[in-house]
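*Asks:* Take the given structure of chain V and dock chains H and S to it, following the hints.
What follows is the residue order along each chain.
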Amino acid sequence: MELISTLPELMEWGFRGPALSRRRAIRLKLAAVLGFLALWSLVSGVVVVAKLFNPIFLPGPWMIADALWTLAVKGQLWGHVAATLQRVAIGFSTGAALAIVLGLLAGHVRLVRNILEPVVELLRPIPPLAMLPLFLVWVGIGEGSKVGFITYATFFPTFLTTVHAVRRLDPLLVRAAQSLGARPSQLFVRVILPAALPDILVGIRLGVALSFFVIVISEFIGAEQGLGFLINDGRSFFLVPQMLGAAVLLGLLGYGGNALVRLVERRVLRWQYL
Amino acid sequence: MTPKIRIVGVSKAFGGAAAALAGVDLDVAEHELLCLLGPSGCGKSTLLNIVAGFLAPTTGRVLVDEHPVDGPGADRGVVFQEYVLFPWLTVAGNVEFGLKLKGTAADERRRTVARYLDLVGLSAHAGKFPTQLSGGMKQRVAIARALANDPAIILMDEPFGALDAQTREVLQDELSRIQRLEHKTVIFVTHSIREAVYLADRVVVMTSAPGRIKQVFDITLPEVRDRFAPEFTHYESEITRVVKEEVAKTIDGHGRQGPSVHE
Amino acid sequence: MKIRAWALLAVLVAWAALAYGNRVIEITNPVLLPTPGDVASTTLAALRDGSLPRNLLTSLARVMEGFAVAAGAALALGVLAAVCGPLRAMLEPVIEFVRPIPPLAFLPMFLVWFGLGEGSKVAFIAYTTFFPMFIGVAASVLRVDVMLLRAAASLGATRTDLLRRVMLPAALPGIIVALRLGFGLALFVIVGAEFIGADAGLGNLIMEGRTFFNPPQIVMGALVLGLLGSLVNALLLVAERRFLNLDRP
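Chains as they are written, first to last, in this note's numbering: chain V, 5 to 278; chain H, 2 to 264; chain S, 256 to 504.
Where hints are given, some of them may not hold.
What the hints assert, rightly or not - Not everything, but these chain V residues come out facing chain S in the computed CB check (under 8 angstroms):
(1) 40
(2) 66
(3) 67
(4) 69
(5) 113
(6) 123
(7) 129
(8) 130
(9) 133
(10) 138
(11) 142
(12) 144
(13) 217
(14) 233
(15) 236
To be verified - Counterexamples of contact, computed for chain V against chain H with all Cβ distances above 12 angstroms:
(16) 23
(17) 31
(18) 46
(19) 83
(20) 104
(21) 145
(22) 198
None of these hints come from the bench; they were simulated from the model.
Glycine is no exception: its CB is placed at the ideal position from the N, C-alpha and C atoms.
Pulled out of the complex, with its shape left as it was, chain V reads as follows (with noise of 0.2 angstroms):
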């Protein structure tokens, strides 16, 4: 295998190179991890080993995987887990049903569109981190702070690619449905709504990555428990196994999330899978 395509297979396939069997492809991702894995354990194993510098620094995966374990056994892992998947479960779907009701309203009423249009214009490009004080200063330290603040930043990417596919419907299948017999309420439910699915769920899927990329920072400042909270105490008492596998776990729910949403995408979506 050459390392770059040669002219013929660029001709056939683009860049792209042929496909992978489905076999193929599996097996080259799992030599990946496992190379990834295996190279993080030799570097730091030679740190150990050669006394570089403090291992500390540079824990290998064991070492996290036994921080987590010695977390787990003393039953306080799962409460960690729990305390940041709650917060984003209740943050996120308030956020996301805010978004979508008056994304569908917005996108579909020219009067809500004008009202709400500049208020989300004016807040969108503030960074939602530099709302977070704020929310802090309103709400308290408590779960409020941290629950409203996640509704706050997801809301904004769900809402906008909801209005997005409100607008952008082709106006030939409201033109179908019309002459079918479609009343407004009707076009609303089996026109609008169904073709706007699809960009609904891509703005879910952004939402929920962006509560677990925010939900870190606030659980950072003042929480008791939390991902977050591990990382943040990781820190102050030196136990970086902790903070990094804080971070893992925190990676692993936030691909749980986006595999969920995916399923429901497919499920819902099969037309457009096939």
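*Replies:* Coordinates of chains H and S only, in the frame set by chain V:
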């Protein structure tokens, strides 16, 4: 007998642009299949969209059964060139869409869907989604969807324009057969003269922009037509001559090649 | 454009009405809901004593440095990964493994590794923006239409020609979008980075507003960041259009 559709003094101008239609008067009789023919940009699709109620005329009006048209409705089914199937519904789901809107009972819906899928030869594909169908099959679904709603009028906007030549002829045969069974009042927009002569009871040739009616041909061929019969060819060449005058005007007038009319 | 200006004005008026109204009838503590006047005077003061420009420049320098490092790496590696199948096969899963971890979760790691100074912030920005830019660059190259390659080859292009004269210009629009999004992300996360373990920067300024219970300062920081974001985005969009129109009439 009063005509099913009356188009009275209809003209249409878009924004500040030159008029697309200028004073069209046309009656369409019940159960008649009428073809609108003309060079591209002659406003034939605009006229159809006005009858469908998608566009409002600038002047004049359209009457269906003596009632003015003021928007789209289930009494006028539309078949689009781009098929416009609902991609999230199966073939059967698309065909029963209009019935669902009306609140028809489930078992009657099932019977109607089965009947029209059978009529267009797609019974075996009822559970498929539009993305899985070829262009010809998609257009069959769209025709079944329009028919299942049982409108008195069907408006077809270059329905076979995006299909290849073979599929096109097959669908023309099917439409001709279906029309012999269903006897709808049909306005059929096309730029193919052959297609018009093959399908129409009357062919209306329109002038280039602004669109007016140039000439109307009554096609007195038998119901089942032979594309190679001398009478057929006669109509074809006769209409071609009239259409060519208009295409020539387009080219002279705008100094560009008028695409537009197939032999 | 005009409508937008009016709408923004309307928001401003609504905010003023709300805040000044609250001051009169005290639905909540007026300190919590700063008026436009409060924010304006705080901003003026911060401009006069130089703290706003200083913090702004600090943040911008961090963003620029981190972004430059990441953009360079993403361009080189992204193009390389796209044209070199084996490298792509190796990198892809690793990236898939690391990417779902919210970058901010690594922020404390960077503080541990690089200390509290500038290095940790710059490195963190570089780390955060690298992945999306890398993926965007590689995807833009992979998306290049095979028909363009065929057309060029049938006109006599060699493999080098294809890379230089077809791949790069065809992928350029996508690459530029990837860089623009990366810059936006840098502005997004610098705030978080400066909340924690920084003694300067806009994020720090905002956090100070919380510590000293000074909401106008928080709002000022947020507005400056929003303004900065819109400005940079608009500039990049204009540059994008200019730049791409050179070879795309």
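*Asks:* Verify this label for me: residue 23 of chain V is non-interface relative to chain H, using a Cβ-Cβ cutoff of 12 angstroms.
*Replies:* About 20 angstroms separates residue 23 of chain V from the closest Cβ of chain H, which puts it past 12 angstroms; holds.
*Asks:* Would you check whether residue 113 of chain V satisfies its interface hint, that is, whether its CB is within less than 8 angstroms of any CB in chain S?
*Replies:* Check failed: Cβ of residue 113 of chain V comes no nearer than 16 angstroms to chain S, outside 8 angstroms.
*Asks:* Is it the case that residue 198 of chain V keeps its Cβ farther than 12 angstroms from each residue Cβ in chain H?
*Replies:* violated, 4 angstroms
*Asks:* Have a go at the residue 236 of chain V hint: is there a Cβ in chain S nearer than 8 angstroms to its own Cβ?
*Replies:* holds, 6 angstroms
*Asks:* When the nearest CB of chain S is found for residue 133 of chain V, is that gap smaller than 8 angstroms?
*Replies:* holds, 4 angstroms
*Asks:* Using Cβ atoms only, decide whether residue 130 of chain V comes closer than 8 angstroms to chain S, and label the hint accordingly.
*Replies:* Since the shortest Cβ distance to chain S is 4 angstroms, the answer is holds.
*Asks:* Minimum Cβ distance from residue 67 of chain V to chain S below 8 angstroms?
*Replies:* violated, 14 angstroms
*Asks:* Go through the hint on residue 66 of chain V and say holds or violated, using the shortest Cβ distance to chain S against 8 angstroms.
*Replies:* With a closest approach of 17 angstroms, the residue 66 of chain V hint is violated.
*Asks:* Holds or violated: residue 217 of chain V as interface residue toward chain S, Cβ cutoff 8 angstroms?
*Replies:* holds, 5 angstroms
*Asks:* Examine each Cβ of chain H, and state whether all of them lie more than 12 angstroms from the Cβ of residue 145 of chain V.
*Replies:* holds, 45 angstroms
*Asks:* Using the nearest Cβ pair, does residue 69 of chain V come within less than 8 angstroms of chain S?
*Replies:* violated, 15 angstroms
*Asks:* Would you settle whether the hint for residue 40 of chain V is holds or violated, based on the nearest Cβ-Cβ distance to chain S being less than 8 angstroms?
*Replies:* Holds: closest Cβ of chain S sits about 5 angstroms from residue 40 of chain V, inside 8 angstroms.
Checked against the numbered hints above, the structure breaks hints 2, 3, 4, 5, 12, 14, 22 and satisfies the rest.
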